[in-house]
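S.K.: Residues per chain are reported as follows:
Number of protein chains: 2
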Amino acid sequence: MKFSLFAAGLCLSFTLHAQSDKPFAIAVHGGAGYAGNLSEAKQASYKAGIQKALDKGYEILSKGGTSVDAVQAAVMLLEDDSLFNAGKGSVFTHAGKNEMDAAIMDGSNLKAGSVAGITIVKNPITAARVVMDKTMHVMMIGKGAEALAGENNCEIVKPSYFFTQHSWDALKNALKREAEQRENNKKKSSLLQPDNYDEKYGTVGAVALDKSGNLAAATSTGGMSNKKPGRVGDAPLIGIGTYASDVCAISCTGWGEYYIRLVMAKSVSDRIEFKGMSINDAANEMILQKLPALGGDGGMIAIDKQGNITMPFNTGSMFRGFKKSSGDTEVKIYKD
Amino acid sequence: MKFSLFAAGLCLSFTLHAQSDKPFAIAVHGGAGYAGNLSEAKQASYKAGIQKALDKGYEILSKGGTSVDAVQAAVMLLEDDSLFNAGKGSVFTHAGKNEMDAAIMDGSNLKAGSVAGITIVKNPITAARVVMDKTMHVMMIGKGAEALAGENNCEIVKPSYFFTQHSWDALKNALKREAEQRENNKKKSSLLQPDNYDEKYGTVGAVALDKSGNLAAATSTGGMSNKKPGRVGDAPLIGIGTYASDVCAISCTGWGEYYIRLVMAKSVSDRIEFKGMSINDAANEMILQKLPALGGDGGMIAIDKQGNITMPFNTGSMFRGFKKSSGDTEVKIYKD
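Line order of the protein sequences matches chains A and B. Everything in the first sequence is counted per the numbering used here, starting at 8 for the first residue and increasing by one. Everything in the second sequence is counted per the numbering used here, starting at 8 for the first residue and increasing by one.
It is possible that part of the hints are untrue.
Put simply, identical chains are the same to the list, so a pair is met inside one copy or across any two.
Said to hold, decoys possible - Here are the simulated BS3-like pairs of lysine-lysine, each with C-alpha atoms no more than 30 angstroms apart in a straight line: (1) K104 to K129; (2) K331 to K104; (3) K141 to K49; (4) K235 to K165.
Bear in mind the hints are in silico, worked out from the structure with no lab data behind them. As the structure is a prediction and not an experimental result, all values here were calculated from the model.
One chain only, chain A, in its complex shape:
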């Protein structure tokens, strides 16, 4: 009897030890772009937003929560922070509305949920989660997605909730410049390319590895300022802006059209799985070589099954950070 109790104790001790040794980690981003002239105070605000999201996700992971719950919670905080182009801080379409997209994916079972073109759900990532958990579908758009979210206890707000002076000014500036360009007859208006940070970029996202070894990813965005109504970028597209499997979890930010054409996230994942590349090399090849070769720019955050994290970008800046169970952590905006 004494012996078996002793053996049971040893066994318990071993199990606890093994569990606590399992690495876990989270990384988040608040968009890649060209935030070149941020004041020290503004930089501190962005970093605080990233840190808050990291801390929340890390807390969930450290208590044994799932990577899916961690990435959702982190993204919700970034959606609620009007500094970032997602949820509350979303930019305006050409028609002066906010149309938001989001996606979430559970790498443990390849389940995924995605919404696009929604206008009244306070936290678009919660609507994506409902699609994943409560329906037989993966992607839902527009009023159908909003109705589903409303039926499933997502918080519904008036479209005016998403108004921020910052985003409104960005649209006004874009429309003014568009009118000037049209006057100059340089290009047809439908072919205009966005040309500054506020218009082209901005997305938030998170990737995580939990104590059970499962990966997850989530991304949410207000899209591109002055975009045509109905435009969908890479964020809500599974395998493109958002992806998680048993190989890696990825959330992208950048000029979405180029990410779609490259099928960005799956291209990184398959380089790891089929070519044996490290997550760092695979992400770098896509973001630093293939993306600019096609004419696009942006960044991504990615994590693999071992908790290795990479956060490459070929723009001037990317609001980003990570926090690992090893104690290693970082929050940065620029390259250094």
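Take the given structure of chain A and dock chain B to it, following the hints.
M.R.: Relative to the frame of chain A, chain B by itself:
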């Protein structure tokens, strides 16, 4: 002089010969599913629809037209044929409407265009082409996509154009069975799985290789009968239901949610590019192993740079055919 004319003649002859030797080919599908009880007459009708689309695309290719033009023309004919679930033959959503999706991709430059949730464009593939050719975007949804299509000379019709008795009856049957199931309280209605051919399947698509060696793919669908309004399947998603590069061109048909979770088309392409698999082996691994392992079913058509074509499916049937410059051709429904 005599010699140089002779040499020039030789050269010209060689050039003409080289061009005419360049292989070209097209494959089309009209949906994978369980069309088990088709009469001989009905089978002949489906085969005639497939043959007509093949002939049209082949004619364009044989005259030196591009693979993009060939796949678009083939898909337009299938959209106009009420037998197939795309364009005129589209199925109804749960709300009794027709919501259509389509995508087209040019493998020569990775340009792509995609639309989802459109209700008034006679040929949804033409709207996808407009997004690719006339905008800086890749994917557009709902009213924004419809407005763009209207501005760019796509034919606009009333929603009633898409009514077919066949699709309406399929919805009525699905709603009746759903009510019975709810009464039996077997499952929550939101988790109901579609369970017969007419509800779950139906898509049309084409892939082609032109004389210049360029690949293209196009897919169009009315989606899943009795689907929730706003549901988007794999068809309009680049790298999933539709993909073309300098490796291969792919159009998928099947239970879209599983195709999205597997990032189907890119998974096949990367197996060819990174693992050196043949297009046949790569497509078979995904459609005959990975897809059913996750619980899904369906098929795909795929063509590579050499004009090799594969058309695997793990359902009972797939309306399909191909036509190659070698003279090899086939139109089939069942496995035989």
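S.K.: If a hint holds in the structure, say so; if it does not, say that too.
M.R.: How the hints compare with the structure:
In this assembly of identical chains, the alpha carbons of K104 and K129 lie at most 30 angstroms apart whether taken from the same copy (14 angstroms) or from different copies (28 angstroms). Within a single copy, K331 and K104 get their C-alpha atoms no closer than 38 angstroms, and across copies no closer than 49 angstroms, so neither meets the 30 angstroms cut-off. Taking CA atoms no more than 30 angstroms apart as the test, K141 paired with K49 passes in neither setting, with 39 angstroms inside one copy and 38 angstroms between copies. In this homomeric assembly, K235 and K165 come within 30 angstroms of each other (Cα to Cα) both inside a single copy, at 21 angstroms, and across copies, at 23 angstroms.
Of the numbered hints stated above, those contradicted by the structure are hints 2 and 3, listed in ascending order.
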